[in-house]
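Based on these hints, arrange chain C on the given structure of chain Z.
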Amino acid sequence: MTLGTMVIKMGEGFGKTCAIFFLTLLFSLPLGMLVALLRMSKNRFLSAVTRGIISVLRGTPLMLQLLAVTYGPYYLFGISVSRNKLIPVVVAFAINYAAYFAEIYRGGIESMPVGQYEAAEVLGYTKAQTFLRIILPQVMKRIIPSVTNEVVTLVKDTSMAFTVSYQEMFTIGKQIANSQTSFVPFLVAGLFYYVFNLLVDFTMGSFEKRMGYYR
Amino acid sequence: MKKLLEINHCRKSFGQLEVLTDLSLSVEESQVLSIIGPSGSGKSTLLRCATLLETMDGGDLIYDGCYAARDNGEKSVYASPQEMRQIRNMFGLVFQNFNLFPHYSVLKNVMEAPVLVQKRDRREVEETARNLLGQMGLADRADAYPYQLSGGQQQRVSIARALAMNPKILFFDEPTSALDPELTGEILRVIRSLAEKKMTMVIVTHEMTFARDVSDYVVFMNEGVIVEQGDPREVIDHPTQERTIQFLRRLRES
Chain Z
35 MTLGTMVIKM
45 GEGFGKTCAI
55 FFLTLLFSLP
65 LGMLVALLRM
75 SKNRFLSAVT
85 RGIISVLRGT
95 PLMLQLLAVT
105 YGPYYLFGIS
115 VSRNKLIPVV
125 VAFAINYAAY
135 FAEIYRGGIE
145 SMPVGQYEAA
155 EVLGYTKAQT
165 FLRIILPQVM
175 KRIIPSVTNE
185 VVTLVKDTSM
195 AFTVSYQEMF
205 TIGKQIANSQ
215 TSFVPFLVAG
225 LFYYVFNLLV
235 DFTMGSFEKR
245 MGYYR
Chain C
911 MKKLLEINHC
921 RKSFGQLEVL
931 TDLSLSVEES
941 QVLSIIGPSG
951 SGKSTLLRCA
961 TLLETMDGGD
971 LIYDGCYAAR
981 DNGEKSVYAS
991 PQEMRQIRNM
1001 FGLVFQNFNL
1011 FPHYSVLKNV
1021 MEAPVLVQKR
1031 DRREVEETAR
1041 NLLGQMGLAD
1051 RADAYPYQLS
1061 GGQQQRVSIA
1071 RALAMNPKIL
1081 FFDEPTSALD
1091 PELTGEILRV
1101 IRSLAEKKMT
1111 MVIVTHEMTF
1121 ARDVSDYVVF
1131 MNEGVIVEQG
1141 DPREVIDHPT
1151 QERTIQFLRR
1161 LRES
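Note that the protein sequences, when read in sequence, are chains Z and C.
Taking the numbering used here, I'd label the letters of the first sequence as residues 35 to 249.
Taking the numbering used here, I'd label the letters of the second sequence as residues 911 to 1164.
Okay, chain Z solo, but in the shape it has when bound (with noise of 0.2 Å):
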């Protein structure tokens, strides 16, 4: 097989893997804002099982939780796997990149000085105004960095669709690899992976730098 076909074949597989990245993104951000405010709920029971959810999440591999979200099911109540394997893989990614990003939020959250509260009440904002308009700007803008960080980690996790065999472009690179008995397939792989994140690296310092006109 010559590098251009292999190219051409792993590059079907790239919008496979652009399928991942965006729909996990679409849904795990929002996610994430909805479980960092369930953790920092005043019910102490809510935020004592986000508080677990986040803790098991985090505290076990995401290959596993894939497993789990595409087979389970099966095993559990003897429903066939479904054929699409994409809705649970992004099912997989978008709640465990939610309670990393949940907890970017947290911290991020918590660390707005508590005068910025108080001068929103005594302007009279409501609770919502105060966060939406106050709050959830700032946040945002302190915590791009970390966000960054786990968007890049995405690009390459996605890769670990190939453990569900979802026909994304590193499962293709594999089997070209296991088939051809090459490499090649691999630093192929690599180099996708390694321009998509700098456009990813492009694109969020753009955002950056649109928020960098206050300090």
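Please note that the accuracy of each hint is not assured.
To be verified - Here are the computed lysine-lysine pairs in the DSSO-like style, where the Cα-Cα straight-line distance is at most 30 Å: (1) C:Lys1107 / Z:Lys161; (2) Z:Lys43 / C:Lys1018; (3) C:Lys1029 / C:Lys985; (4) C:Lys985 / Z:Lys161; (5) Z:Lys76 / C:Lys913; (6) Z:Lys243 / C:Lys1018; (7) Z:Lys175 / Z:Lys190; (8) Z:Lys243 / Z:Lys175; (9) C:Lys913 / C:Lys985; (10) C:Lys1108 / Z:Lys161; (11) Z:Lys190 / Z:Lys43; (12) Z:Lys43 / Z:Lys208; (13) C:Lys912 / Z:Lys175; (14) C:Lys1107 / C:Lys1078; (15) Z:Lys175 / C:Lys1018; (16) C:Lys1107 / C:Lys1029.
Claimed, not checked - Quick list of simulated restraints, FRET-style, between CB atoms: (17) C:Met994 / Z:Val234: 54 to 60 Å; (18) Z:Met97 / C:Asp1090: 53 to 59 Å; (19) Z:Thr160 / C:Lys1107: 53 to 59 Å; (20) C:Leu927 / Z:Pro171: 51 to 57 Å; (21) Z:Val234 / C:Glu928: 53 to 59 Å; (22) C:Asp1090 / Z:Pro171: 26 to 32 Å; (23) Z:Pro171 / C:Cys976: 29 to 35 Å.
No wet-lab data here; the hints were simulated from the structure.
All C-beta atoms in this analysis are idealised placements derived from N, C-alpha and C, irrespective of residue type, glycine included.
Just chain C, lined up with the frame of chain Z:
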């Protein structure tokens, strides 16, 4: 004179520590009242109770006849959230460390609350805001961000932000304590000019000469109670209570 603020028999504890003990105070329209006293005397807590940032354990808090809190013989019972919103509209607070919103321009810092909270017309508010910034000597800084300003300028923005809400009474919590000595003068000048315009103000301060020159009434607090109060020249220049004499002497020596 109309009483704009009345605090009756206020009690406040943090855990075991009683910070305010049966404290009563009233502020009349156009009055400038200074609260002085050593740190830990409860003056900031009193201000925070008055501005609803802390809840009192006991006592009444009355703004212009409206009860924010009423003592039921056992504890303070606060008004409904709706009434509290109206009461919050009656006063403004200038913080020691400004607490400007760093992600907003100077103009937006001043404009947002009147538009968002008081639902006033944006154009009318912008005119008011620019006017106030002009009075504060900051007409040309409307588009700057707080981090680009000096501490004194930031504090003047925060005064404009409070004034834009048209408060009946304006509180200052040690407005010059976070500033370099050279910058305190500009804040004191602003407060003085507000006093000349008959703005009702309650000022917690360490600036004795300022308290004496600007205020109509001075309250000296110690350990959660008012030890001495009255005409500023009397209290500051001729204190009668031992604790006041001691405090003022120490201040003069330092």
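Discussion item. Tell me the numbers of any earlier hints that the structure contravenes, in ascending order.
Written reply: When the structure is compared with the hints, numbers 1, 2, 3, 5, 10, 13, 17, 19 and 20 turn out to be violated.
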